[in-house]
Structure formats: structure tokens, C-alpha cells
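Undergrad: Its first residue numbered 1, the sequence shown is counted upward by one per residue in the numbering used here.
These aren't lab readings, by the way, just hints derived from the structure by calculation.
Because the structure is a prediction, the values reported are computed rather than measured.
Careful, some of the hints might be misleading.
Quick list of the computed label-pair ranges, beta carbon to beta carbon [to be verified]:
| hint | residue 1 | residue 2 | range |
| --- | --- | --- | --- |
| 1 | Gly30 | Phe231 | 28 to 38 Å |
| 2 | Arg21 | Phe231 | 45 to 55 Å |
| 3 | Leu73 | Asn151 | 48 to 58 Å |
| 4 | Thr164 | Leu3 | 19 to 29 Å |
| 5 | Leu69 | Thr118 | 44 to 54 Å |
| 6 | Asp157 | Trp95 | 23 to 33 Å |
| 7 | Pro75 | Arg27 | 28 to 38 Å |
| 8 | Leu69 | Arg27 | 24 to 34 Å |
| 9 | Gly179 | Met76 | 39 to 49 Å |
| 10 | Asn151 | Arg89 | 19 to 29 Å |
| 11 | Gly179 | Thr70 | 46 to 56 Å |
As a list, the in silico BS3-like pairs of lysine-lysine whose alpha-carbon atoms are at most 30 Å apart [to be verified]:
| hint | residue 1 | residue 2 |
| --- | --- | --- |
| 12 | Lys227 | Lys209 |
| 13 | Lys25 | Lys227 |
| 14 | Lys182 | Lys209 |
We put the beta carbon where it would ideally sit given N, CA and C, even for glycine.
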Amino acid sequence: HFLLNELLRLIRVALVLSLWRILLKDRPEGVDGMTLSTLLTYTLIAELFAEQMAAQTGIEDLIWNGTILTRFLQPMPFVGVLSAEMVGRWRVGLWLVTIPLLLLCPFFGVSPLPASITAGVLFTVSLSLAVIVGLALDTISASFMIVWGGNIWILSDLRNAVVTLLTGAFLPYALLPYGIGKVFAWLPFAAMASTPLQIFTGTGDSPLKLLALQLFWAITLTFTAVKVWNFSRERIVGQGG
């Protein structure tokens, strides 16, 4: 399952890169300041750090099979343990996707380098904030699953759809029509992917402005996640446990 999933990621990024080349072959100036080369780098980096930008702990599996109850008996912070396990799973993607993609960059004709050294440093900071925002939203999502008590996979699929469509990881905001991207840029989902990717590629607003908004969402959502989680954990129902 893991190998197939990682293989599909490699195929997906190759197809998307080819798609952008076809769509923008007659527009060398790019779209809204985003040139073809920038868009290709944006897509590549989005896939290289896809797991970090999604930041999902897999808590829905624990809720579904009831093992979340036994996890609370462990003498360790619950969210901390899930976060550590999530980071551990990233090693699979590192060896099966990240490193192969970096080696294939010359073949794809895509530069994996940031717009500048400063952009690379700020990207690291932004990516860390993106993980915090992702974990907060994952915790809030899990809290709704617990309170709802129904088929959690409906909410899980809805969350995954939102992450795919609204974070800007798959489709950059600059490509959205009617100024929709400018609206999405103010939403918390932008802090998960669009913000670090814009900083890396040197597109969009000022990096400091982007980081300030991202920091706001990181603090706000973390506070909200703690409050919502403390309320919902008392109503945990082991579905199948």
C-alpha cells in the first residue's frame, strides 16, 4: 500500500508538470506574475513537502477502531505522540519520493532551488508554521468527528477535499479566476501550503506579510484546537472498540 501510494505521487507530479507545460506553452510571460519555470518549481516543491503541508496524524483510524481510548492511558501527551508518529512516517516519503524527485529534477527540467537564499531560510520558518496550522486543523477535524459520532470517513473525505482544493498546493492561487485566489489567501488553509510555496518561489505578497498572517493563523488555530479538543475528548465514543 505504501509503495503504491508513493509511486502514484511520482506519476502525479510528472503528469502535472507536463500539463503545465502544455497549458502555458503559448504564454511565456506566465499568469499573474508566475512564469512557467516558477510554476514548475512551485509544483515540484509542493510534492516534495506534500506530507508536511498536509500534516495529518491519522487520528481518524484511532477513532474508528476504538484504540483512541487506550491511547489516553499512555503516560505521554496524546497529541505529542501522534505528532511524533506522523513525523516518523515522513521517512517513507523521504526515501521513496523526495530523494527520487530531486534526482529526477534534471530530467524534468525543473529547478528545485528557492528564489534566493533568504527565500530558502524563510521557507523553512514558513513550513514549520504550516505544520503547526495543519496539526491544529487536524485536531479540530478530529474533534468534530468525535462529537458527531457518525460515519467519520465522510468528514475525513471532506477534509481531504478541502486540503486539496483550498490550500493552493495543487492549484496556485494565481491561476484561479475572478480574484478568487486573493480571497483564499486570507483563509487559514493558505497557511498550510500556499504561503510557504509563495515564499520559496518569490511570488505573491511580501514574505514578511505572508509570515505574519501565517503566524496569526498558527496561534489562533492552536488555541482553538486546544479548546475544542478538551471539550470533545470527554465525549469520545469508540466506534468499533
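Undergrad: Run through the hints listed earlier and report the numbers of any the structure violates, in increasing order.
TA: Hint check: 1, 3, 7, 8 and 13 fail, others pass.
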